Amino acid sequence: MTLVYVEYQNGALTEASQSALSVASMFGGPIHAVALGSADAEVLKPYGVEKVLHVADDRLNTYAPGAAGKAVHQVISSQSAETVVAASTASANEILARAAALGDWGFASACTELSIEGDAVNLTRAIWGGSLFQEAQLTGSPKLITIDPNAFAAQQASAPGAAVVEEATVTLDDADFVDQLKSVETGEQQGIPLDSAKVVIGGGRGLGSEEAFAILEELAGLLNGAVGGSRVATNNGWRSHSDQIGQTGTQIGPDVYIACGISGAIQHMVGCKNSKNIIAINKDADAPIFQRASHGVLGDLHEILPALIEEVKKVKGV
Amino acid sequence: MDILVCIKRVPDTGGRVNLTSDSRQIDTSSMEFTISPHEECAVEEAIRITEDQGGEVTVLALGPGGTTEQLRESIAKGAAQAILLESDDDNWDAYATAHAIVNAIKDKKFDLILMGNEAADMGQYQVGPRVATMLGVPCATGIKALQFQDGKAIAKRQDGNDWAIFELPLPAVVTVKEGINKPRHPSLRGIMAAKRAPLEQISMEPPAPKMVHKRLKLPQESGGQITMLGEGTSAVPKIVETLKELGVL
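Chains as they are written, first to last, in this note's numbering: chain A, 1 to 318; chain B, 319 to 567.
Bear in mind the hints are in silico, worked out from the structure with no lab data behind them.
Computed from a predicted structure; not experimentally measured.
One or more hints might be untrue.
As the list claims (entries may be wrong) - Per label pair, the in silico range of CB-to-CB distance: (1) B:GLN343 with A:GLN251: 20 to 30 Å; (2) A:ASP58 with B:GLY542: 46 to 56 Å; (3) A:ASN150 with B:ASP406: 29 to 39 Å; (4) A:GLN189 with B:LYS562: 44 to 54 Å.
To be verified - As a list, the in silico DSSO-like pairs of lysine-lysine whose alpha-carbon atoms are at most 30 Å apart: (5) A:LYS276 with A:LYS198; (6) A:LYS273 with B:LYS556; (7) A:LYS273 with B:LYS562; (8) B:LYS556 with A:LYS314; (9) B:LYS462 with A:LYS273; (10) B:LYS556 with A:LYS182; (11) A:LYS182 with B:LYS470; (12) A:LYS273 with B:LYS513; (13) A:LYS182 with B:LYS427; (14) B:LYS562 with A:LYS316; (15) A:LYS313 with B:LYS535; (16) B:LYS532 with A:LYS276; (17) A:LYS198 with B:LYS556; (18) A:LYS182 with A:LYS273; (19) B:LYS562 with A:LYS283; (20) B:LYS500 with A:LYS316; (21) A:LYS283 with B:LYS427; (22) A:LYS198 with B:LYS462; (23) A:LYS276 with A:LYS182; (24) A:LYS283 with B:LYS500; (25) B:LYS427 with A:LYS273; (26) B:LYS470 with A:LYS276; (27) A:LYS273 with B:LYS532; (28) A:LYS283 with A:LYS316; (29) B:LYS424 with B:LYS513; (30) B:LYS424 with A:LYS198; (31) A:LYS313 with B:LYS427; (32) B:LYS500 with A:LYS182; (33) B:LYS427 with A:LYS314; (34) A:LYS276 with B:LYS535.
What the hints assert, rightly or not - A few chain B residues facing chain A, derived, Cβ under 7 Å: (35) ASP480; (36) SER521; (37) ARG533.
Glycine is no exception: its CB is placed at the ideal position from the N, C-alpha and C atoms.
Given these sequences and hints, build the entire structure.
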């Protein structure tokens, strides 16, 4: 039996969980789902889910990784699940890691490919921020797996399942909620957010100073874009870390990314690989970014950007 | 407050990666090594906490002998001592790693264990929560702000524009993300002192992982061809033209 740990957001089954449900059929045998707190079983039917193990503890409606991990551990054990699948989200990875630790089980996170070989599962995982892949084999039972939702399309099953709801009996003490989410401080968005901007202007080592970012701000203002920086720029304190584009920062996906004075380290490129177009401005013809960019300009950004700003102003009539 | 920080030695990959002939590893023959970025911030956070509140920082790493370089760097910055769980084996999954850490610290007492949210290389997102669960202590992950109040850790995780707040009684495990602080550079005096600092080195038995490492694979090159728009300011008209074509101007 394959058990899928499903997540809901504002009452709706997440798209990532739909991908996880779609993967479950490859393991053969019945598909069951485990859902915590308030959960809608009806939406699981199209994915061939036969049974929904529902942990009806309202305390789990507020994020509580310790308690959730313990509940999932108990459901996996009581149902003798052979394979457990979830989407590779921060919350599911945390909860499954805690369940795995309680059961001393193996857990492969962020899988992009899966195949079955006898009692083992051969898998490919995204590593180094997705710039490289690891091939590995998961053994033992149960096997815990989270999948990269971008690597598996959500697909409904050929035949719907009954999604019969069964209340799962789990024992959770108050102490299991010791690391539950306490509160949420809401912040205000300032300017255009990097991760949803249509145009992003990025600056790296070639900027040379915090002050030099003013020129990027001016261009971003004209193009209705956001400004970001490479890890070099944020480590040097030229830019706040919240503006970092890269593996340890923000992942961007704009229509146009203008990368200025950025060599193209892997750490940075995994953060901007979803850009539809990358215009690289760099004075080093051998910079790796020219291997990945769609458009390139060879030269000094400190000369090119002011001239570009003047031209853009003319076009816009400002 | 006595703090344990778990770090990992990873290659400083730069712009291009090649694999070893057996494809099991990144070819690091022309690479430097560094502390995985989130963990570099964990070391910094631990040193700042002990500077503020007293106590000692112990740094622990699981890895090959060369990892002493990253441990000594941490001592140079202000950690009091370091433990190396030495193994050349490349087959440590999160399960085996968590067991090795828990086993190594079972006779020691820490008020706080800091780790990175995920290692830069393998990114398993598991070792912190696993260690916390095995020790039976609370855990918060992906933390970008950490304070202490009435014997509790107030840990904040960024979620878009919002901050999710956790209050953990100590001892606890907290995994942090880059951005929580800006790591310092070691002082010259620190570097000199760290050279002589004693390191506890424990040879590790080969692990019996649940997830067996086979090989690494490079992504398929997208094969996209770059269009050069020119050199210097003479390229500006073509940049403008391109921005118009792409519908952003």
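Results for each hint:
no.	hint	in the structure
1	B:GLN343 with A:GLN251: 20 to 30 Å	26 Å, holds
2	A:ASP58 with B:GLY542: 46 to 56 Å	51 Å, holds
3	A:ASN150 with B:ASP406: 29 to 39 Å	34 Å, holds
4	A:GLN189 with B:LYS562: 44 to 54 Å	29 Å, violated
5	A:LYS276 with A:LYS198	10 Å, holds
6	A:LYS273 with B:LYS556	23 Å, holds
7	A:LYS273 with B:LYS562	22 Å, holds
8	B:LYS556 with A:LYS314	14 Å, holds
9	B:LYS462 with A:LYS273	25 Å, holds
10	B:LYS556 with A:LYS182	53 Å, violated
11	A:LYS182 with B:LYS470	13 Å, holds
12	A:LYS273 with B:LYS513	41 Å, violated
13	A:LYS182 with B:LYS427	27 Å, holds
14	B:LYS562 with A:LYS316	11 Å, holds
15	A:LYS313 with B:LYS535	46 Å, violated
16	B:LYS532 with A:LYS276	33 Å, violated
17	A:LYS198 with B:LYS556	20 Å, holds
18	A:LYS182 with A:LYS273	35 Å, violated
19	B:LYS562 with A:LYS283	24 Å, holds
20	B:LYS500 with A:LYS316	40 Å, violated
21	A:LYS283 with B:LYS427	53 Å, violated
22	A:LYS198 with B:LYS462	27 Å, holds
23	A:LYS276 with A:LYS182	39 Å, violated
24	A:LYS283 with B:LYS500	29 Å, holds
25	B:LYS427 with A:LYS273	44 Å, violated
26	B:LYS470 with A:LYS276	46 Å, violated
27	A:LYS273 with B:LYS532	26 Å, holds
28	A:LYS283 with A:LYS316	28 Å, holds
29	B:LYS424 with B:LYS513	27 Å, holds
30	B:LYS424 with A:LYS198	51 Å, violated
31	A:LYS313 with B:LYS427	63 Å, violated
32	B:LYS500 with A:LYS182	27 Å, holds
33	B:LYS427 with A:LYS314	67 Å, violated
34	A:LYS276 with B:LYS535	24 Å, holds
35	ASP480	5 Å, holds
36	SER521	23 Å, violated
37	ARG533	5 Å, holds
Of the hints listed earlier, those the structure fails to meet are numbers 4, 10, 12, 15, 16, 18, 20, 21, 23, 25, 26, 30, 31, 33 and 36, in rising order.
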